[in-house]
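S.K.: Chain residues, written in single-letter form:
There are 2 protein chains.
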Amino acid sequence: MAGKKKSAHASIEAMYRVFTVPEAPDSTLSRVDQDISRNLAGFLQEHIVAVERDLSEVEKNFAESAVPEKPIFVSEQAQFLLDKLVANSVHTASPSFIGHMTSALPYFMLPLSKIMIALNQNLVKTETSKAFTPMERQVLGMIHRLVYQEDGAFYRKWMHDPSHALGAMCSGGTVANLTALWVARNHAFPAEGSFRGLHQEGLFRALKYYGHEGAAILVSRRGHYSLRKAADVLGLGRDSLVAVDTDNDNRIDTDALRDKCLQLQKQKIKVMAICGIAGTTETGNIDPLDAMADIAREFGAHFHVDAAWGGPTLFSREHKHLMKGIEKADSVTFDAHKQLYVPMGVGLVVFRDPALASAVEHHAQYIIRKGSRDLGSTTLEGSRPGMAMLIHSGLKILAREGYEILIDQGIDKAQSFAEMIENHPEFELITRPELNILTYRYCPDLARQALAVANPLQAERLNTALNRITKFIQKTQREHGKAFVSRTRLEPACYHHFPCIVFRVVLANPLTTADILRDILSEQQQLAKEEDIRDEIEILHQHARITLAEHNPKARQA
Amino acid sequence: MAGKKKSAHASIEAMYRVFTVPEAPDSTLSRVDQDISRNLAGFLQEHIVAVERDLSEVEKNFAESAVPEKPIFVSEQAQFLLDKLVANSVHTASPSFIGHMTSALPYFMLPLSKIMIALNQNLVKTETSKAFTPMERQVLGMIHRLVYQEDGAFYRKWMHDPSHALGAMCSGGTVANLTALWVARNHAFPAEGSFRGLHQEGLFRALKYYGHEGAAILVSRRGHYSLRKAADVLGLGRDSLVAVDTDNDNRIDTDALRDKCLQLQKQKIKVMAICGIAGTTETGNIDPLDAMADIAREFGAHFHVDAAWGGPTLFSREHKHLMKGIEKADSVTFDAHKQLYVPMGVGLVVFRDPALASAVEHHAQYIIRKGSRDLGSTTLEGSRPGMAMLIHSGLKILAREGYEILIDQGIDKAQSFAEMIENHPEFELITRPELNILTYRYCPDLARQALAVANPLQAERLNTALNRITKFIQKTQREHGKAFVSRTRLEPACYHHFPCIVFRVVLANPLTTADILRDILSEQQQLAKEEDIRDEIEILHQHARITLAEHNPKARQA
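Those protein sequences? They're chains A and B, same order as listed.
Note that numbering that gives the first Met the number 0 gives residue 506 to position 507 of the first sequence, counting from 1, and the numbers run on in steps of one.
Note that numbering that gives the first Met the number 0 gives residue 304 to position 305 of the second sequence, counting from 1, and the numbers run on in steps of one.
Worth double-checking, as some hints may not be accurate.
Note that the list lumps identical chains together, so a pair holds whenever it fits in one copy or between two copies.
Using 27 Å as the maximum straight-line C-alpha spacing, the simulated DSS-like pairs for lysine-lysine come out as follows [claimed, not checked]:
id, residue 1, residue 2
1, K327, K113
2, K474, K83
3, K207, K267
4, K267, K470
5, K265, K83
6, K528, K207
7, K83, K528
8, K83, K113
9, K207, K265
10, K156, K207
11, K267, K474
12, K59, K369
13, K481, K470
14, K59, K474
15, K207, K259
16, K267, K528
17, K528, K156
18, K327, K528
19, K327, K156
Hints were generated in silico from the structure; no laboratory data involved.
Predicted model, so just to flag it, every value in this text is computed and none were measured.
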């Protein structure tokens with residue numbers, strides 16, 4: 000008994016140390032901290048993308064499935080993380096990592112993040128966040144104003160109003176889109192007469208009460224997959240996400256959109272929401288938002304704009320005209336960890352009408368009581384970290400001018416890179432950049448000449464070979480680890496909508512230079528000469544020669 | 000034109016600096032970093048909860064709604080944050096902050112968090128996370144094993160299997176519960192014959208096809224509000240969350256649960272899911288999970304356990320018996336930012352059957368393609384930060400033994416505090432702690448004597464007065480800022496289910512001592528003597544005296 004007591008006392012002592020701020024500047028923890036900082040600085044300065052190592056090799060370091068019984072020292076775990084985790088991570092900050100929307104961060108985000116972590120506030124409620132709540136409300140207000148341009152009086156009235164919220168903070172664009180469509184769905188089937196509203200009675204009774212056979216969300220074929228996920232989560236079913244055709248520039252065809260709405264109406268399916276995209280994930284195009292807003296109004300549909308990528312284009316005096324009509328949206332998604340350059344894990348949705356979020360309002364007795372300023376009552380998530388602090392810091396430190404430079408530079412760079420590709424004999428530009436995203440593929444001159452005259456069958460053969468080669472180049476380049484472009488599949492109209500595998504490039508890192516882009520192309524050109532792809536290249540050349548010869552018998556004779 | 004070019008060049012230079020690691024150890028940014036560290040150490044060592052300042056005062060610092068035009072220096076923003084944000088934050092780490100589930104963090108979480116922020120990985124996909132993905136899979140595996148105790152072979156087979164996931168990482172318990180119920184809903188209405196599944200065709204057609212009038216989720220009255228939110232989001236409607244009565248210890252009444260299931264079945268309402276709670280938010284009680292599992296099996300319902308709070312009780316050899324039956328759950332929610340002591344913003348759900356998550360699987364061409372190891376295909380969220388790294392670090396550095404100490408200490412302390420309250424003449428223990436949560440209220444001896452003999456009308460009068468006083472004490476104590484307990488409303492059986500306002504205490508911070516708890520009670524006792532509440536105290540005493548006198552005429556005469 001005495002032994003048990005003594006050991007309990009020792010344990011309490013140990014825990015006391017673990018939870019206490021170390022006072023000595025030369026404590027072990029301070030040394031660990033310095034080691035980490037040095038190592039991270041080295042990591043961030045590396046210009047490679049990743050070391051070549053198979054994931055199944057890496058998995059061996061993470062194979063144990065039981066929670067260890069005995070504690071280890073912090074220094075031991077820190078060393079493990081530096082050796083096994085950091086060393087095998089992707090250098091998303093590398094200027095040659097241009098394949099995804101995760102980019103470098105402004106360095107100041109690192110020291111400022113410490114404040115967020117150390118304070119460990121919970122934004123669900125002011126009792127656990129205090130000043131963070133007004134700050135979050137301000138961030139929502141600033142983005143709201145950027146989008147909707149209401150006057151100062153509007154924000155003085157609504158920004159800090161306890162019973163309203165100009166938007167909702169989320170862990171990312173997916174939850175932001177889901178929140179917007181959740182609001183739209185509940186708003187489309189409100190309480191009326193004996194019906195207490197979809198939020199209360201559910202979708203089944205809502206459709207029965209209002210005499211609909213279903214409810215649809217319309218978006219272009221280039222819509223983000225999170226919208227289909229949202230249609231599933233919300234109980235509408237993935238089929239209810241209706242994909243509308245695009246024009247040759249990957250923007251929604253508004254005639255097709257209107258036709259589809261009419262058709263759904265005839266089938267007694269409620270046109271619940273129309274989603275415009277401001278920066279498609281794969282090609283960076285912006286839908287004709289203004290025209291879409293009119294169609295949404297015509298059909299009484301909620302108009303949502305997914306500006307997860309393109310939202311910050313509004314900072315650019317030169318390019319913001321592309322976003323015309325966004326101010327007519329009922330809701331707009333922004334992703335802060337994309338072009339607001341904030342660390343991973345934060346997005347938001349703003350609502351034009353401050354009363355709109357009430358469609359999803361929730362309260363609880365021990366928390367977020369009615370009338371409190373708490374922002375947790377209209378967020379999908381409960382406990383949330385104070386990421387708004389980092390958005391606030393970005394908006395203050397970079398300011399509109401800084402974000403404008405980032406946006407303008409990215410678009411300029413994408414245009415230069417597009418030119419570089421167009422002038423290159425072995426590559427073909429597939430989508431011209433409207434923002435800072437473009438796609439292209441391996442396609443040597445000979446193949447291009449052949450494609451220009453090929454019949455559908457010949458074109459299919461050529462494109463199939465080109466697909467294999469482009470895929471090989473992309474995978475091998477990623478494995479080599481010096482640079483990274485991603486790949487996707489598009490159905491270009493010029494190739495009769497045959498699925499073409501393309502390289503996808505996102506130019507959001509201001510450290511990416513024209514030289515780096517030139518090197519990436521050169522490496523790809525070299526990879527096309529590798530042994531492993533030689534047969535496929537040979538097949539491509541054969542198909543191209545046959546196609547050209549059949550088209551031009553004279554060439555065959557020669 | 001030359002001018003524009005020159006200024007563009009200057010801007011590029013400026014951005015280059017913003018995104019580059021500062022090399023000089025005495026750079027401005029290094030100084031800012033050191034200032035922040037010093038300030039945060041001071042903040043974390045403070046034992047107060049918050050400075051007394053009205054939120055509307057604080058809002059004045061966050062009143063501007065326009066994004067500023069011109070950049071400011073990092074040092075300026077850092078100073079602003081320290082003065083206006085940090086100084087007005089809640090000391091969630093303070094040992095006298097015992098009102099909510101947000102507690103102190105082990106200090107090592109701070110230096111380790113830097114790794115996560117600096118690397119800025121995106122866990123949606125291995126291309127942007129590499130080693131973080133196996134690490135996340137390991138964390139899911141460890142929690143899965145803690146809950147389900149499968150053998151090593153099971154985890155060797157499934158943990159890193161590309162086409163399966165043992166669980167899903169989430170931003171918190173709310174999304175974890177939502178994910179579990181999303182899986183349950185889709186699983187309850189699968190594809191069959193001509194029907195392509197709820198996930199595809201939606202809830203309306205699913206119910207029609209299967210001939211149901213609705214689908215219900217059953218949980219005790221003490222269920223977390225996120226479950227009702229989930230019922231709304233999923234399109235079932237808030238009514239479909241059926242609240243079942245509890246016994247006197249706030250645990251679900253299993254007879255009432257079974258009756259309710261039978262009743263729903265008769266109404267042709269599908270019993271879609273039964274949720275057990277392992278650690279109710281308000282009172283910290285654990286449902287009889289084993290018996291609930293049997294009922295769920297009987298009705299073919301998904302059995303989910305919300306162990307957001309209580310999950311880590313499994314680390315304690317002394318207390319884990321309370322969780323018996325959790326291993327029969329189809330899914331279990333854990334919140335890492337609660338009793339795994341990880342910074343805000345991470346929870347997870349584990350699934351007993353590794354194939355279960357496929358009910359919500361999503362793919363996209365440019366990302367999370369089929370067959371990849373990416374964990375993004377079965378998470379509700381898209382882009383996600385590498386928080387798993389911090390869970391991993393907690394599990395390694397504290398290990399089972401460390402978490403056991405934390406759990407055991409918290410429960411011990413709650414029991415001591417309960418004793419302290421019971422022996423106090425002015426307070427009444429309302430719920431006895433099963434874990435480390437308890438509730439009590441202001442209720443002096445005289446009122447207690449009166450309540451013991453009061454008729455319903457008298458009891459209502461007494462309780463109404465007690466509610467006002469308890470609420471006043473809680474609010475005033477919070478405003479004074481030395482300590483914080485939260486408050487909620489319970490309907491104790493002993494008071495005929497009259498709504499009683501109670502103090503709610505969560506004892507998760509290992510630095511909270513018996514002395515601190517004694518001080519908190521003393522302060523509350525003092526607050527009951529304040530001028531502002533004197534009238535209410537007088538009313539209470541009058542009601543008590545009248546009640547006692549009416550019950551005992553002799554006392555009246557005396």
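S.K.: Decide, hint by hint, whether the structure agrees.
M.R.: Each hint, compared with the structure:
1. K327 x K113: Classified as neither; 38 Å inside a copy, 40 Å across copies.
2. K474 x K83: within (23 Å within a copy, 49 Å between copies)
3. K207 x K267: So K207 and K267 pass the 27 Å test inside a copy (11 Å) and across (17 Å) alike.
4. K267 x K470: Neither, since 44 Å and 52 Å both go past 27 Å.
5. K265 x K83: So K265 and K83 fail the 27 Å test inside a copy (59 Å) and across (57 Å) alike.
6. K528 x K207: neither (62 Å within a copy, 58 Å between copies)
7. K83 x K528: neither (34 Å within a copy, 60 Å between copies)
8. K83 x K113: both (23 Å within a copy, 16 Å between copies)
9. K207 x K265: For K207 and K265, both the intra-copy (17 Å) and inter-copy (21 Å) Cα distances are at most 27 Å.
10. K156 x K207: This pair counts as neither: shortest intra-copy Cα distance 39 Å, inter-copy 47 Å.
11. K267 x K474: neither (47 Å within a copy, 53 Å between copies)
12. K59 x K369: between (51 Å within a copy, 23 Å between copies)
13. K481 x K470: Result: close within a single copy only, 17 Å intra versus 62 Å inter.
14. K59 x K474: within (23 Å within a copy, 53 Å between copies)
15. K207 x K259: For K207 and K259, the Cα distance is within 27 Å both inside one copy (23 Å) and across copies (25 Å).
16. K267 x K528: Intra 57 Å, inter 66 Å, cutoff 27 Å: neither.
17. K528 x K156: neither (65 Å within a copy, 39 Å between copies)
18. K327 x K528: Classified as neither; 51 Å inside a copy, 56 Å across copies.
19. K327 x K156: within (21 Å within a copy, 52 Å between copies)
This entry does not satisfy hints 1, 4, 5, 6, 7, 10, 11, 16, 17, 18, going by the numbered hints stated previously.
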